[in-house]
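Trainee: Assemble chains B and C onto chain A, guided by the hints.
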Amino acid sequence: MSSAKRESRLFREYRIDFSRNRYVYLMLLPVAVYFIGFHYIPLLGAQIAFRNFSPMKGLWASPWVGFKHFIDFFHSYYFVRLFRNTIFLNFFDILCGFPAPIVLALLLNELRNDSFKRLVQTITYLPHFISVVVICGMILDFFSRDGVINTLLVVIGLDAIPFMIESSWFRPIYVGSNIWEQVGWGSIIYLAALTNVDQELYEAATIDGAKRFKQLIHVTLPGILPTIVVMFILRMGKIMTVGFEKVLLLYNPNTYETADVISTFVYRKGILEMSYSYSTAVSLFNSAINFVILLIFNKMCRKLSETSLW
Amino acid sequence: MKKGILVLLCVSLGAAAWAGGAKEKTGQESAARPAAVPSQPGAQASSLSGPEALVLPITKEPLKLSIFAALADRAAVSMKNYNEMLAFQEMEKRTGIKIDFKHPPVGSEQVRVQFNLMLAANDLTDMIYYTWATDFVGGPERAINDGIIVPLNDLIDKYAPNFKKILEENPSVRKDAVTDSGKIYMFPLLRLTPTDLVSGGFQIRKDWLDKLNLKMPTTIDEWYTVLKAFKERDPNGNGKADEIPFISSKIVNITGVERFSCAWGFPTEYYRDGSSVKYGPMQNEYKDFLATMRKWYKEGLIDPDFLTSDRKNHDAKVTSEVAGAYYGLLNSYMGTYTKTMPPKNPKFEIREAPIPKAPDGKMYNFHTDAARAVATEGFAVTSANKHLRETVKWLDYYYSEEGRVLMNLGVEGVTFKMVNGEPVYTDLITNNPKGLSLDRAICAYTPAGASCRLFQDTRYWKQMMTYDNQKEAMKILGQASLERVLPPITPTPNESTRLAAIQNEVNTYVGEMFAKFVMGQESLDNFDKYVKTLKSLNIDEALGIQQAAFDRYLKRK
Amino acid sequence: MRNKGKLDWLVDAAIVMFMVSMIVLTLYPFYYIIMASISRPSELMSHRGLILAPLGGISWAAYKSVIFENPMIPIGYLNTIFYVAFGTVINITLTTLGAYALSRKKAKLVQPAMFAITFTMLFSGGMIPLFLLVKQLGLINSRLAILLPTAVSAYNLIIMRTSFQALPDSLEESAKMDGANDFIILWRIALPLSKAVVAVMVLFYSVSHWNSWFPAMMYLRDRDLYPLQLVLREILIMNNTESMTTGAAMSDAEPIGAAIQYATIMVSTLPILVVYPFLQKYFVKGVMIGAIKG
Chain A
52 MSSAKRESRL FREYRIDFSR NRYVYLMLLP VAVYFIGFHY IPLLGAQIAF
102 RNFSPMKGLW ASPWVGFKHF IDFFHSYYFV RLFRNTIFLN FFDILCGFPA
152 PIVLALLLNE LRNDSFKRLV QTITYLPHFI SVVVICGMIL DFFSRDGVIN
202 TLLVVIGLDA IPFMIESSWF RPIYVGSNIW EQVGWGSIIY LAALTNVDQE
252 LYEAATIDGA KRFKQLIHVT LPGILPTIVV MFILRMGKIM TVGFEKVLLL
302 YNPNTYETAD VISTFVYRKG ILEMSYSYST AVSLFNSAIN FVILLIFNKM
352 CRKLSETSLW
Chain B
45 MKKGILVLLC VSLGAAAWAG GAKEKTGQES AARPAAVPSQ PGAQASSLSG
95 PEALVLPITK EPLKLSIFAA LADRAAVSMK NYNEMLAFQE MEKRTGIKID
145 FKHPPVGSEQ VRVQFNLMLA ANDLTDMIYY TWATDFVGGP ERAINDGIIV
195 PLNDLIDKYA PNFKKILEEN PSVRKDAVTD SGKIYMFPLL RLTPTDLVSG
245 GFQIRKDWLD KLNLKMPTTI DEWYTVLKAF KERDPNGNGK ADEIPFISSK
295 IVNITGVERF SCAWGFPTEY YRDGSSVKYG PMQNEYKDFL ATMRKWYKEG
345 LIDPDFLTSD RKNHDAKVTS EVAGAYYGLL NSYMGTYTKT MPPKNPKFEI
395 REAPIPKAPD GKMYNFHTDA ARAVATEGFA VTSANKHLRE TVKWLDYYYS
445 EEGRVLMNLG VEGVTFKMVN GEPVYTDLIT NNPKGLSLDR AICAYTPAGA
495 SCRLFQDTRY WKQMMTYDNQ KEAMKILGQA SLERVLPPIT PTPNESTRLA
545 AIQNEVNTYV GEMFAKFVMG QESLDNFDKY VKTLKSLNID EALGIQQAAF
595 DRYLKRK
Chain C
42 MRNKGKLDWL VDAAIVMFMV SMIVLTLYPF YYIIMASISR PSELMSHRGL
92 ILAPLGGISW AAYKSVIFEN PMIPIGYLNT IFYVAFGTVI NITLTTLGAY
142 ALSRKKAKLV QPAMFAITFT MLFSGGMIPL FLLVKQLGLI NSRLAILLPT
192 AVSAYNLIIM RTSFQALPDS LEESAKMDGA NDFIILWRIA LPLSKAVVAV
242 MVLFYSVSHW NSWFPAMMYL RDRDLYPLQL VLREILIMNN TESMTTGAAM
292 SDAEPIGAAI QYATIMVSTL PILVVYPFLQ KYFVKGVMIG AIKG
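Chains as they are written, first to last, in my numbering: chain A, 52 to 361; chain B, 45 to 601; chain C, 42 to 335.
So that you can see chain A by itself, here it is in the shape it has in the complex (with noise of 0.2 Å):
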């Protein structure tokens, strides 16, 4: 077929689709034009990393560099330690945080009691809405050398330990105060889902026989698949962001070993300097990696499960 004849078909097809479609296109317009505008436009300011930004020049007056933030901060001595501590610190987080929230929504499921299920899902988000501050003063106070903890554990007989100050604790403190604070909010979206499941089928698999764990494995589970699998993706794309606030209130000198995160020696730096420029560039750096595994992921997810972002 000649071009102009692919070209022409080209047209023809967008054209049905258009007329076909027309109120689905129209309901994405105003989301469209948001994204437009407050997302891609702002973007083009990206370049700000391959360039030494200085607000008196502005943003096209400022010169260009090219890739000298990037190669700076692979050179930074501490590289190494920054990239791994970033990967390994989420890599913890969803391990483990990520199937709490699904096993908690799950349990709730269970409950006979309505009443009792309404106050423990409304106790258990408490912890989200308490800002991260108060929960790191929290924190530091109940585990310190003699704090809380440690009063327990001597009270049972062990010796008293420097939870904060030991490198090799604080990813444990980490992920689990995450999970604390993040269970209850995080198991909303798979309770949403779990009311969508059809009621029917697990009628139909009582009838079949199936008790309860084989209801849960064959019904429910699938049934919340979808929305498993798209929050899964959703935060395998995150994994080069930390939780910068969180890590930069409970780390300390002692602890930089597994501590420091990528964000929070960007911050130190920000700091003594105000390098636009550097961060943006770090920043894209952390966003490149972080498509190249949501692409892996939703690929993934798509070949086993139908289920993925696009």
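These aren't lab readings, by the way, just hints derived from the structure by calculation. Hints may contain errors.
Unchecked claim - Listed next, the stretches of chain A that the computed footprint assigns to chain B, with coverage defined by at least 3 CB atoms under 8 Å from CB atoms of chain B:
no.: 1; segment: 117-130
no.: 2; segment: 134-146
no.: 3; segment: 151-158
no.: 4; segment: 209-219
no.: 5; segment: 314-320
Said to hold, decoys possible - With the C-beta cut set under 10 Å, the calculated list includes, among others, these residues of chain A facing chain C:
no.: 6; residue: 54
no.: 7; residue: 56
no.: 8; residue: 58
no.: 9; residue: 74
no.: 10; residue: 79
no.: 11; residue: 99
no.: 12; residue: 179
no.: 13; residue: 235
no.: 14; residue: 285
no.: 15; residue: 288
no.: 16; residue: 308
no.: 17; residue: 347
no.: 18; residue: 351
no.: 19; residue: 355
All figures in this text were calculated on a predicted structure; none of them were measured in a lab. Think of the CB as a built atom: it goes at the ideal place given N, C-alpha and C, for glycine as much as any other residue.
Mentor: Relative to chain A, chains B and C alone:
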């Protein structure tokens, strides 16, 4: 899928082109920003006879000037904008100039962010009160060269008699307020009374010293004796060995433990030795310092949580009477504890310990952030200002005798009374009906201790130091020498990026190693390895940059 | 109802015990905060460890300071209510329309659009370009600067879309046969069946507006427009820095920094805690999809 992306791309590109056009305009505007040329509107008296006298009101026609400045938290409890403050309202009456204050949200980070955003948007106010000496990327020279602010030398000669007089009588002031090429870039906040230049020091439970029959420690060895006694002889008298002789919290990110390095003659950062710039954590003597701290830590004389202890923790340890000594500020540590503890324990007494003597017998004070004679903050006049003469006169008023009184003590009859020829704060301030503490009460009416101030009057400061131990502390700390403190120097714009990159890594490494050495996780035999690593992190290059900047500073006129 | 064997009772009991321990673990810190906020501030200052009762007796000093002595609190509250209300309305409208549209696979542009939207979740130009854009639109220091730049959350959009995708195709087909267009299908059929996810969206968006302070910090100059969280953040900063005071004034004789922090937390989270139970019923009751056979 491919076709779809193509369509989307076209749409986006179209939108981008449209926006790009708009953006270019901004770029052109920025690029076309004129290099600063101070304009001299109207016919003015020539400067042959010196600057014009300051006559009030400054202007007969209504004039409005805008100021970008932080809303100090002490003031924020009483007002939303400085134009609610009595001192500024009175200033408007006297000068005829109305001020439009633009405040960012409270908090120093917010100020920094908003400042940079304001620059990026090219939306300057007429004056900006900011820590120009240290927080402007590339230094004040760059701010002038890039056309943000105007150099003030000629303007001062013409219109600022009060400030000019101060410069002539205090040549050292000028050095700290000019760029390396001699341009005066701001009207700085001045503290001209030397005894007022103190912010903090080692504070100790005097009642414990008395109880155990110990003298106030003046050297590191004496400190060791005292701390050991605190640990072993139960000064809080409760029969438990729960005392923590030295506790620590972070002030400006430096722990109290690190402050002890002054007893070896250097801080844990850059300092000057004559005309050389040196770096504390690299000196050979730093090893001795580490060894001593390590010993103290091992023997339980230092709070094991010194790295993580925050202010709240610190307060708890002091008020539950387990803490023996700490490094703290005059106002908020010594003042707060002196106020709150005696009702519970009348014997409680905190006194200032002198700075421990260095091996050469001198006392070196390195804590100067809040107490420089020429502060790092002040008013700069921007290139958007079209009323330079009136602006400079308005700023000069701060330095005049009436201006000093107005901006520190307030209005006579309202906030202060004359008693034996000296201004004394009235009950409105000292016994504030709304229950405000002293510093907040003052800031409800004047900018003393807040932002937007150019002169700290000693009569204000003396009345802030209400307690005897604070007054004594000022005297004690005043005996220490400031000769090793590095003045605010500015690297060149290129150098400052390099310096920041090196410094971030060096700081991380030094901080980590300090913790490891002191807490015993790293053997001191590895000190040489530590220095080698520092060098591989380019500390020598950083020192070179600092030295060059310092040399330029010394040459400033 | 489902089969319940003997083992089931054991499992039930275990689940209940687990839930109870969850309650204690998550409730205690909140209890701590409440107790701390009504403790006598000077006692709070010297206390370490568990708090089981208000220290030194009940004192409302912290609340007094946060709520009554600060003129910005009522202003902040009113502003936030405005932002939450109008913001959520804008959010839900746009997100629902967009999510439904994006769940219609038959439209060709849907897949690339999803890609484009997901892309924005990862890559951003940063603070400065966004600020410049808002400035060029003339929105600086206006309430719209709080409502518009956050009009749609890609994350929420994706979640809602997933939920719409789960609706059986047969619904749409039968409605189309009856002559309905996409809007009518969305309004009459899809939405009523999606109450749970709409409730979730309302919750997510309104909480996000409630907690938001960064856009306000960037775009607002007029303190009369400040939302509550920005005001509270200022309070926390003000009481954390060395402006802890000294002096001869008698009335606020007690340093109340720590207590103020806790009172601030309570003031800012209490409304949400009150509202949540109302939205909760959509998650607890099972919502039957209903069946349209064939």
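Trainee: Evaluate each hint against the coordinates.
Mentor: A quick look at each hint next to the structure:
{"no.": "1", "hint": "117-130", "result": "holds (count 4)"}
{"no.": "2", "hint": "134-146", "result": "violated (count 0)"}
{"no.": "3", "hint": "151-158", "result": "violated (count 0)"}
{"no.": "4", "hint": "209-219", "result": "holds (count 3)"}
{"no.": "5", "hint": "314-320", "result": "holds (count 3)"}
{"no.": "6", "hint": "54", "result": "violated (20 Å)"}
{"no.": "7", "hint": "56", "result": "violated (19 Å)"}
{"no.": "8", "hint": "58", "result": "violated (16 Å)"}
{"no.": "9", "hint": "74", "result": "holds (4 Å)"}
{"no.": "10", "hint": "79", "result": "holds (4 Å)"}
{"no.": "11", "hint": "99", "result": "holds (7 Å)"}
{"no.": "12", "hint": "179", "result": "holds (8 Å)"}
{"no.": "13", "hint": "235", "result": "holds (6 Å)"}
{"no.": "14", "hint": "285", "result": "holds (7 Å)"}
{"no.": "15", "hint": "288", "result": "holds (6 Å)"}
{"no.": "16", "hint": "308", "result": "violated (28 Å)"}
{"no.": "17", "hint": "347", "result": "violated (13 Å)"}
{"no.": "18", "hint": "351", "result": "violated (16 Å)"}
{"no.": "19", "hint": "355", "result": "violated (16 Å)"}
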